[in-house]
Amino acid sequence: MISVARDSAVGEVEAVYRQEGDRMWRALYAYTGDEEVAADAVADAFAQALRRGPAIRDVRSWVWRAAFRIAAGELKRRSTVVLGAMPEGVAYDAHPDTQLLDALQRLTAQQRAVVVLHYYLDCPVRDIARRTGLNPARGARPPQPRPTAPACLAG
Amino acid sequence: MSDLRTRFRSLDDLRTPDLWSEIEARASAAQPVGVGRLRWVLIGALLLLIVALAGAALLGSGIVKWPVSLEASPRPSASLQAGLEKDQAVVIAWQPGPPGGPVSFEVIVALRNSGHGWVRVDRATYEILNRAGAPITGQGLFGPADTIGPGQTDYLNTGVVDAYQTKEGSGQPISRR
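If you read the sequences in order, they're chains A and B. Under the numbering used here, the first residue of the first sequence carries the number 1, and numbering increases by one thereafter. Under the numbering used here, the first residue of the second sequence carries the number 1001, and numbering increases by one thereafter.
None of these hints come from the bench; they were simulated from the model. Treat the hints loosely; a few may be bogus.
Estimated spans, in silico, between C-beta atoms of each pair [to be verified]: (1) B/A1052 - A/R126: 15 to 25 Å; (2) B/D1018 - A/R126: 28 to 38 Å; (3) B/D1018 - A/P54: 20 to 30 Å; (4) B/W1040 - A/T108: 42 to 52 Å; (5) B/A1057 - A/S8: 28 to 38 Å.
Covered stretches of chain A, as calculated for chain B (at least 3 residues, CB under 8 Å) [what the hints assert, rightly or not]: (6) 26–34; (7) 39–46; (8) 116–128.
Sample of chain A residues with no beta-carbon within 12 Å of chain B, all distances over it, derived [what the hints assert, rightly or not]: (9) S8; (10) R57; (11) D58; (12) R65; (13) G73; (14) R78; (15) T108.
Glycine included, every Cβ here is placed at the ideal spot set by N, Cα and C.
Please put together the full structure from these sequences, using the hints given.
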């Protein structure tokens, strides 16, 4: 019985990854400015979801929240070098809009998270805190969100 | 703002890595404790609990008792003399050989601890003197213990063979140096 539930949970996690993984990586890339940090956060969040199995009720929301927290933790660890900004020497060769990423770099980590979630993933501001554990009130507050909830953080 | 959203949409042009194999590898690297193993852990914990309860029940019923440990008195007094009383020496003299030959003495001294603490008996601080106060060569002082408890009596004894002081052999007191 437990094995069946676990297999089902694994299938659900993989389904969420196939559906959300790419967007999650891109959002985290915009948030961190680092491909490796983004990939590491995504992989770690989904791996933790796999380990927890049926204990997670809403896999989609859980992995989004976990991934951003993992990435935030990594940025915080790196912030011993540059506080509140992305690490120096980050290359944006992967993304052509260097102007946009440069502008993001001038924001704090929390502001970047809010901007990325809102403008890239269309997340309402009120959902950003609930879904990611970040507090938009302490960061940049973008214009009021669209009334419809985005799929990225629905759950 | 719509322009900003459009610019963020350009992120969708980025190629993304397929991380699923990495995810599975990380997940399997730290699997939680299996149900079978957890079961044995619980059984072990239950057995330990039963043993502890049984031990407590036996001790409580008095069937099994803890080893009695005597409460030690304060550490032995640093001084030999503290609370120590010396009785009159008992000297036993005999002449194993012909008259005029060497005389053997056996000197026994009782040491009674009249104090409340333990006292250490340092035999090196004792020697036997003759009436003139000269030390008599002995064979050492012997006693059954190095320390004497409160209210207890210990005995020092020594054997002496004296070829020249036969008349002084009897009744010689033992004196402290």
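Against the structure, the hints:
1. B/A1052 - A/R126: 15 to 25 Å: About 53 Å separates the Cβ atoms of B/A1052 and A/R126, which means 15 to 25 Å is violated.
2. B/D1018 - A/R126: 28 to 38 Å: Check passed, 33 Å falls within 28 to 38 Å.
3. B/D1018 - A/P54: 20 to 30 Å: With a Cβ separation near 25 Å, B/D1018 and A/P54 satisfy 20 to 30 Å, so the hint holds.
4. B/W1040 - A/T108: 42 to 52 Å: 50 Å, holds
5. B/A1057 - A/S8: 28 to 38 Å: Given a distance of about 47 Å, which is not inside 28 to 38 Å, the answer is violated.
6. 26–34: holds (count 4)
7. 39–46: Coverage by chain B holds for the segment 39–46 of chain A (5 residues, Cβ < 8 Å).
8. 116–128: Holds: 4 residues of the segment 116–128 of chain A have a Cβ under 8 Å from chain B.
9. S8: 15 Å, holds
10. R57: 18 Å, holds
11. D58: 18 Å, holds
12. R65: The claim stands: A/R65 keeps its Cβ more than 12 Å from every Cβ of chain B (closest is about 17 Å).
13. G73: Non-interface label stands for A/G73: nearest chain B Cβ at 16 Å, farther than 12 Å.
14. R78: 20 Å, holds
15. T108: 18 Å, holds
The structure fails hints 1, 5 (numbered hints given earlier, in ascending order).
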